[in-house]
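Protein chains: 2
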Amino acid sequence: MAIDSALAPASPSAVDAEREPGEDSPQARMAAAKEASRETARLTSSDKVRALEAIAAAIEADAAEIIAANSRDLDRGRSQGIGDALLDRLRLDEKRVATLASAVRDVAVLPDPVGQVVGGHRMPNGVALEQVRVPFGVVGVIYEARPNVTVDIAALALRSGNAVVLRGGSAAKESNTVLVRIMREALDGIGISPEAIQSVDDFGRDGAKALMHGRGFIDVLVPRGSASLIETVVTESTVPVIETGAGNVHIVLDESAPEDWAREIVVNAKVQRPSVCNAVETVLVLRPAAERLVPSVVDALQQSGVTVHGDDVVSGLASSVVPATEEDWATEYLSLDIAMKVVDSLDEALAHIRTYSTGHTESIITTDSRNAERFLAEVDSAVVMANASTRFTDGSEFGFGAEVGISTQKLHTRGPMGLSELTSTKWLARGAGQTRA
Amino acid sequence: MAIDSALAPASPSAVDAEREPGEDSPQARMAAAKEASRETARLTSSDKVRALEAIAAAIEADAAEIIAANSRDLDRGRSQGIGDALLDRLRLDEKRVATLASAVRDVAVLPDPVGQVVGGHRMPNGVALEQVRVPFGVVGVIYEARPNVTVDIAALALRSGNAVVLRGGSAAKESNTVLVRIMREALDGIGISPEAIQSVDDFGRDGAKALMHGRGFIDVLVPRGSASLIETVVTESTVPVIETGAGNVHIVLDESAPEDWAREIVVNAKVQRPSVCNAVETVLVLRPAAERLVPSVVDALQQSGVTVHGDDVVSGLASSVVPATEEDWATEYLSLDIAMKVVDSLDEALAHIRTYSTGHTESIITTDSRNAERFLAEVDSAVVMANASTRFTDGSEFGFGAEVGISTQKLHTRGPMGLSELTSTKWLARGAGQTRA
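Protein chains in written order, with our numbering: chain A, 3 to 439; chain B, 3 to 439.
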């Protein structure tokens with residue numbers, strides 16, 4: 003839906019071909035970011051706070067210009083028939099610009115992960131080993147038409163000592179151009195290289211492809227957006243990718259599930275913010291609890307405006323249930339829709355989750371500790387819960403103060419990503435002439 | 003050099019095409035490994051020790067069969083004109099088979115990383131969060147004609163609760179077939195699914211391609227071998243890869259470098275085991291130290307049988323120096339050859355390293371603490387040393403007890419990888435009906 007046509011497959015020749023040195027190109031901008039990343043890696047924590055303060059102040063000062071550019075994006079979007087939900091994500095008004103600036107200040111006060119010593123010991127021969135957090139270098143981000151991501155990610159990358167190369171959705175192009183220019187000028191104004199923030203939006207499809215093939219320039223690439231954007235980036239990239247986001251999230255109602263917990267948690271997980279990845283999409287009800295729980299939970303959902311897509315048993319126990327098809331089990335609705343199925347056993351629930359889950363978050367509602375612990379142990383997802391709303395899978399809720407995204411892969415980081423997850427480590431070894439025997 | 007022709011580009015159609023269920027295929031074996039990984043993830047530490055003991059005992063019991071299969075590989079290799087160095091890596095004799103078995107027992111006694119609690123706290127609303135180590139699931143490995151890797155990696159993967167899919171070099175095919183069968187039978191004999199250990203060697207090129215495109219089956223893919231094997235795997239894979247190995251390793255001799263440290267460390271780093279990734283390949287000498295150090299260090303290297311490829315200044319200060327070309331600075335010799343260059347400043351040394359290093363290990367020899375700390379801070383490699391031999395970049399030397407490889411990427415892990423690096427984490431959340439406000 004929000005997939006940018008710029009990510010559609012194209013001939014790589016335009017990207018991979020050698021370019022003249024000095025020519026402006028995605029490669030030249032990635033190289034400039036790489037060069038600047040040597041400086042950002044060495045900035046002190048105070049320098050980085052100063053940089054973020056300057057960016058926040060510049061965003062506030064230039065609010066009118068940002069809103070004007072955003073209006074042009076909105077006008078173009080309307081004339082191209084973009085839907086209301088996407089227009090709303092694209093929109094920046096005075097209040098939202100103020101929120102952008104305050105989000106930057108929120109990042110500025112987070113503890114700096116760079117330089118943190120995460121391990122170390124002396125080798126038997128006396129060499130002192132120390133493992134310290136260091137910035138990745140250059141973080142690439144490919145995302146959709148949400149201009150707030152432009153600022154959020156730049157702030158998070160800078161706070162953790164990284165340079166950043168941005169590729170936003172073309173529908174937000176005018177907004178992003180102004181935001182990137184403002185942030186670069188803010189850095190320049192306090193003596194930090196503006197090359198630490200780059201955008202390749204104006205290269206269209208070539209910009210995205212250059213990021214995905216930017217070996218030697220891009221240390222890690224984070225796609226943020228819909229499942230198909232992420233799939234494209236993961237499949238096509240030759241640089242390391244952190245897969246984020248898609249959440250086909252399940253809640254299991256065990257035989258012992260208290261009715262109040264079942265109603266409250268399912269409704270909260272679906273309704274509190276249906277458009278995000280940690281919202282529940284499918285409820286699996288153990289058969290012995292079906293008669294007791296299905297009518298009550300369906301009623302609570304319907305009272306909140308949710309359309310329930312149920313199997314035959316659910317349809318038999320509650321009214322106004324839309325018959326579910328195979329497709330419903332695999333769908334991340336991101337809307338006021340939910341799928342509901344009655345299963346014979348916890349085994350069947352676990353098998354259903356193995357088949358359809360995207361490995362984001364699943365929760366079981368139960369007072370049977372054996373079933374709770376089995377669920378926690380066997381479900382292979384980033385976050386596995388007992389008796390809590392899936393909406394808690396979130397960087398702020400987890401106490402990270404900010405969120406880069408939710409990793410659904412197993413490499414590097416899994417679950418909500420904070421600032422530390424935008425760093426790597428390196429080993430330092432200090433010796434006095436030691437050689438290996 | 004040791005690149006397997008099976009990794010050369012080929013049409014993906016044979017791999018990506020759908021296959022009939024039940025048909026034996028790389029996909030069927032990867033699916034069997036995925037299924038078995040649910041069991042290996044739940045094995046207790048004692049179960050895993052028992053499994054490794056059974057494998058070690060079986061290798062010892064079937065030594066004659068292993069050596070016979072290996073002889074057939076060696077005969078075929080000789081008739082195909084494989085060089086002596088590769089034949090030596092391929093060879094398994096009685097002593098080496100005994101070493102294989104004892105290496106498995108060494109892995110068995112390592113602490114089990116699975117279940118380790120690496121973090122956690124209570125959310126303000128009382129939900130208890132816990133971050134625990136879990137196995138990746140299925141580890142894929144693509145490697146060259148070294149049958150010891152077959153056993154080492156299977157043991158490390160099992161100890162950390164993973165299933166493994168192996169794709170070894172075709173020159174070791176007979177040896178690997180026997181080793182995999184013996185390990186599978188050993189698991190079966192103690193009631194653990196043999197499907198936890200799979201090989202796709204017999205599918206040739208399709209086996210490697212299936213691993214690289216095994217999304218949903220392969221949780222992480224580790225290439226072990228030459229730079230071009232690694233490059234192929236990193237570029238072609240759509241599954242997460244941990245890039246290991248290639249080491250164009252530098253030592254910088256600062257103006258203040260003591261002559262004895264310079265001689266001893268450079269000779270140790272080059273000569274102690276020249277064929278491995280942590281051996282030094284280029285020495286950069288600061289100009290003010292050139293007259294003092296170049297003749298002495300070149301002499302020490304030549305006495306150890308090393309051919310020195312030097313720039314004009316080095317050639318002017320020492321005899322029998324082969325003129326270095328641009329190519330020498332980029333070469334990972336893995337032999338008794340070394341490149342040597344005189345640079346004007348530490349800045350020039352750092353710039354040279356930025357251009358040519360593979361980000362594995364670099365060391366500076368200096369007594370000037372300012373230069374040492376600048377080098378440690380600015381060199382962007384997995385391991386950065388002052389006054390120690392680069393040969394220390396090694397899992398055993400770092401105290402990990404075993405080594406999966408040396409990661410030269412920044413994602414997930416960097417530097418020597420131990421057992422913990424073969425695990426991911428997941429978050430467990432235990433609540434009592436909490437919903438998000």
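Rather than coming from a laboratory, the hints here were simulated on the basis of the structure.
Cβ atoms here follow ideal geometry from the backbone N, Cα and C, with glycine treated the same way.
Incorrect hints may have been included.
[As the list claims (entries may be wrong)] FRET-style restraints, in silico, Cβ to Cβ:
(1) B:Gly-218 to A:Glu-350: 40 to 50 Å
(2) B:Gly-117 to A:Glu-37: 36 to 46 Å
(3) B:Asp-346 to A:Ser-104: 30 to 40 Å
(4) B:His-123 to A:Gly-122: 19 to 29 Å
(5) B:Gly-218 to A:Gly-218: 48 to 58 Å
(6) B:Asp-346 to A:Lys-97: 49 to 59 Å
(7) A:Asp-26 to B:Val-324: 40 to 50 Å
(8) A:Ser-104 to B:Asp-262: 51 to 61 Å
(9) A:Arg-74 to B:Arg-124: 24 to 34 Å
(10) B:Glu-329 to A:Ser-104: 47 to 57 Å
Exercise for the section: Determine which of the earlier numbered hints do not hold for this structure and return their numbers in increasing order. Expected result: The structure conflicts with hints 1, 3, 5 and 9, although it agrees with all the remaining ones.
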